[in-house]
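Each chain is listed here by its residues.
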Amino acid sequence: MARSVTTKHKVIATIAAWVVALIIFFPILYTIITSLKTEPEAIAGFNLIPSFTLESYITVQTQRDYFTPFMNSVIISVGSTILALIVAIPAAWAMAFSPTKRTKGILMWMLSTKMMPAVAVLVPIYLLFRDFGLLDSRIGLTVMLMLINLPIVVWMLYTYFREIPGEILEAARMDGAGLWQEIVHVLTPMAVPGIASTLLLNIILAWNESFWTIRLSTTNAAPLTAFIASFSSPQGLFWAKLSAASTMAIAPILILGWFSQKQLVRGLTFGAVK
Amino acid sequence: MATQNTKTLARAMMAPSVLLLLVWMIVPLAMTLWFSFQNYNLLDPTQTGFAGLFNYEFFYTDPAFFQSIWNTLVIVGGVLLITVVGGIAIALLLDQPIFGQGIVRILIISPFFVMPPVAALIWKNMIMHPGYGVLGDINRFFGFEPVDWFARYPLFSIVVIVAWQWLPFATLILLTALQSLDGEQKEAAEMDGANFLNRFIYLVLPHLARAITVVILIQTIFLLGVYAEILVTTNGGPGYASTNLAFLIYRTALLGYDVGGASAGGIIAVVLANIVAFFLMRAVGKNLDR
Amino acid sequence: MTLKTVLLGACSALALAGIFSTAASAETLTIATVNNGDMVRMQGLTSEFTKANPDIQINWVTLEENVLRERVTTDIATKGGQYDILTIGNYEVPIWAKQGWLLELNKLGDKYDANDLLPSIRGGLTINSKLYAAPFYGESAMIMYRKDLFDKAGLKMPENPTWDFIGDAARKITDRKEGVNGICLRGKAGWGENMAFITALANSFGGRWFDEKWNAQFDQPEWKAALTYYVNIMKDAGPQGASSNGFNENLTLFQQGKCGMWMDATVAASFVSNPKDSKVADKVGYAIFPVKEGMTNHGNWLWSWNLAVPASSKKADSAQKFISWATSKEYTQLVASKEGWANVPPGTRTSLYENADYKKAAAFAEPTLAAMKAADITKPTVKPVPYTGGQFVAIPEFQAIGTNVGQLFSAVIAGQSTVDDALTAAQTATSREMKRAGYPK
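Residue numbers (the working numbering), protein chains in the order written: chain L, 1 to 274; chain X, 1 to 290; chain Y, 1 to 441.
Honestly, the hints are just simulated from the structure, not real lab data.
The reader is advised that the hints may include incorrect statements.
[As the list claims (entries may be wrong)] A short, non-exhaustive set of chain Y residues, derived as facing chain L with CB atoms under 10 Å: (1) Ala26; (2) Thr30; (3) Leu45; (4) Ile56; (5) Trp60; (6) Thr62; (7) Leu63; (8) Gly80; (9) Tyr83; (10) Asn248; (11) Thr252.
Cβ atoms here follow ideal geometry from the backbone N, Cα and C, with glycine treated the same way.
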């Protein structure tokens with residue numbers, strides 16, 4: 001009896017899950033389909049079977065080179081995430097293993113730095129960037145995104161590190177391990193999943209950041225968000241071209257996310273799991 | 001017992017992060033605060049000098065001000081409601097044994113990888129547009145009038161778009177939490193004859209409390225600043241129906257180029273965000289301490 | 001200042017790398033432009049320019065209109081110096097020129113023939129008899145209508161249509177079962193979207209934004225008449241979702257055969273008559289922007305996209321060389337030879353409208369020229385005004401005010417507000433902003 005119930009149960013759950021998944025994924029799917037249509041086809045009403053033309057991709061590529069913004073996106077998002085990790089790992093480590101009364105307060109304060117609306121500080125930041133000669137530089141954008149995501153990085157790492165049992169560290173210390181060995185041999189292996197998922201999440205957040213990356217870049221540092229801004233709502237028919245450009249802009253991160261989803265899922269707890 | 005030595009060390013290790021964030025917070029904040037008391041319009045260099053509280057008064061008396069605060073709360077609240085409830089439901093579903101679990105999971109988390117302006121453009125042009133959108137096509141197929149989402153239900157439409165983007169995030173966190181639920185506990189509850197509803201209320205929900213708190217906390221920070229989706233879809237209209245605080249500041253800063261006014265708006269937004277955060281911490285913060 | 005030194009060092013290292021990667025002698029111009037079809041075409045033809053000027057390289061920054069305006073304004077007002085050539089509207093040119101942000105264009109070359117520029121366009125770009133920007137393309141507004149639908153309904157577009165005629169015709173043509181709307185007009189909130197049309201409409205109704213003392217005029221009967229007309233016709237004969245339709249949405253609707261009439265920028269004519277994208281390419285007729293009975297004002301819609309050099313540019317000579325090329329008669333010839341006459345940027349030069357090839361290829365040439373000639377941005381409406389500008393008001397504050405009022409008016413179209421409420425709110429909002437900006441000045 002149990003067996004048949006389980007199979008039936010599994011079939012129902014499968015159907016429900018697939019329906020939900022397809023509904024949620026549909027907008028992206030439809031964008032990809034539309035990118036393979038011709039422009040008149042794209043607005044001709046609901047149609048899931050495109051004519052599989054690459055016309056839009058070719059138009060997009062000839063209008064604007066994809067490679068440079070792609071590389072900029074990679075450099076900026078990966079660079080800012082690595083920078084943030086370098087700064088955040090010691091801080092999170094200290095908070096997790098030598099907590100004080102103020103630790104929680106400091107964490108909350110860090111998060112609260114994200115509450116200033118970006119639009120309100122655009123002009124001050126623009127002036128600063130101008131004075132430091134950072135406008136349209138990858139370094140400027142990397143630092144900027146590092147600062148934006150740092151609170152989240154610290155917080156995520158803190159929650160992972162806190163789950164590492166303190167006794168292990170005590171034991172290591174008993175064995176006479178120095179601080180460096182403690183970090184390299186004991187802490188790091190245990191923290192790798194957490195660090196990996198922090199890395200992934202922040203690459204995604206940095207990749208998708210589309211306020212500062214557009215406002216502080218011109219040509220040399222312009223990433224894919226600026227690439228998209230040159231295809232949204234021009235004159236004339238643009239559905240297929242926009243879909244192609246959108247697909248090109250989100251494809252790399254989508255693929256990265258798909259391949260690394262196990263790591264992402266495993267680590268993405270924010271300390272939510274006790 | 002932490003010795004004096006490790007304490008110093010701990011401080012030294014925290015220092016870079018804290019200092020960086022301190023600078024990152026104080027410099028823009030100080031500049032914003034300074035500008036908020038100045039007459040400073042980018043397009044009118046003749047307007048200079050100390051403005052007193054005028055920028056604040058002007059921002060506060062904007063006809064859209066109170067509605068924008070309400071709209072901000074509706075967006076935050078609406079998205080949180082959809083993502084938490086939807087996230088729990090989907091997490092429960094994904095926690096069941098199903099065929100093709102990996103692919104289902106990939107499909108469900110995908111919206112998280114889409115840039116906000118792209119998401120808004122897709123929804124506006126290809127899903128919700130009454131003439132060319134898929135929803136309109138579906139309505140016509142069944143013989144109904146297509147709904148003009150952005151005119152009739154502007155705020156709701158924006159909530160839907162933003163919730164679509166954040167649902168994967170909530171689902172992932174809740175799913176991880178759910179999977180950590182002790183299998184034995186679940187079985188024991190089943191043995192006791194507790195039905196699904198009872199198991200959910202007395203076992204699963206308490207277990208998820210912490211994860212829900214995290215979802216609410218992190219999302220709130222991002223949701224308070226939503227504006228790209230509004231800019232792309234409704235431009236804050238019709239009327240002020242979809243103007244939130246961030247969009248109001250956008251209008252002041254990047255259409256009016258009124259740096260003084262936008263700075264005052266920014267300070268007001270920070271104060272309000274901290275009030276929200278304060279109540280949030282009182283309401284759910286204790287879940288974090290466990 | 002160690003941080004600064006480090007950062008500067010890093011930047012110069014990057015810059016050095018940049019120099020080595022390109023030809024050492026080349027001067028690079030950074031050009032900011034809109035992603036409209038004509039500009040994208042210009043971008044595609046860049047190599048023709050660099051072939052003739054091997055010492056100049058071009059970097060394009062193509063952005064969607066709103067983002068572009070934001071970027072460029074922030075940069076020029078903070079003297080960020082990111083661009084060498086800007087694409088700006090005739091709204092910005094006089095304001096920025098007065099601030100001293102733009103360089104006078106005085107090195108366009110002997111062959112440039114500035115006298116050939118359409119007087120109305122040139123006038124909008126000239127301040128104290130100095131030219132501060134060169135027009136890339138220009139537009140006014142006109143009626144585009146479906147001749148087949150007019151025939152079917154037994155209507156004939158008069159030489160000089162009135163709003164009453166348009167109203168009747170729109171209602172007659174409307175056949176919602178067939179998906180045909182009598183009229184498509186902009187409804188999406190924004191100073192360059194619905195307010196462009198509504199302001200032109202109000203102009204022709206005798207309304208004005210401000211009186212001579214800069215008092216907002218939304219409490220005047222002309223505005224009420226104009227807005228009521230707009231709201232009613234959209235209700236009876238407009239498309240679904242009108243409150244989120246801008247230029248582009250209406251263009252698509254018209255190309256798909258869903259509009260009987262469309263009043264918008266003349267530049268749209270080349271799109272709706274292009275058989276590749278338009279289902280109704282061979283059925284489009286053109287007529288001048290309507291007037292109110294007993295009046296002669298055609299709305300005075302006039303817009304041009306122009307190329308200008310910011311005062312901060314250190315490459316002003318090369319920049320002017322490029323501008324001279326991109327807005328010259330030769331450029332027009334070049335586009336014509338590569339893409340056909342119908343695709344040349346319209347509305348800037350008199351000579352184009354005397355060109356037989358162009359007139360043959362573009363049925364919309366005559367009505368476009370007529371519309372452009374009829375537009376006078378120094379006298380947008382019957383009553384005296386303290387500002388210039390046809391479908392906009394050329395003051396820095398207008399972007400914010402116009403968008404705010406645009407939001408209020410789009411709410412009426414969406415059925416969430418009434419004409420009277422919207423006008424009252426618009427009056428309050430506008431007066432408030434004007435007081436803040438220190439008017440009357």
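### Task
Would you pick out the hints that fail for this structure and give their numbers low to high?
1, 3, 4
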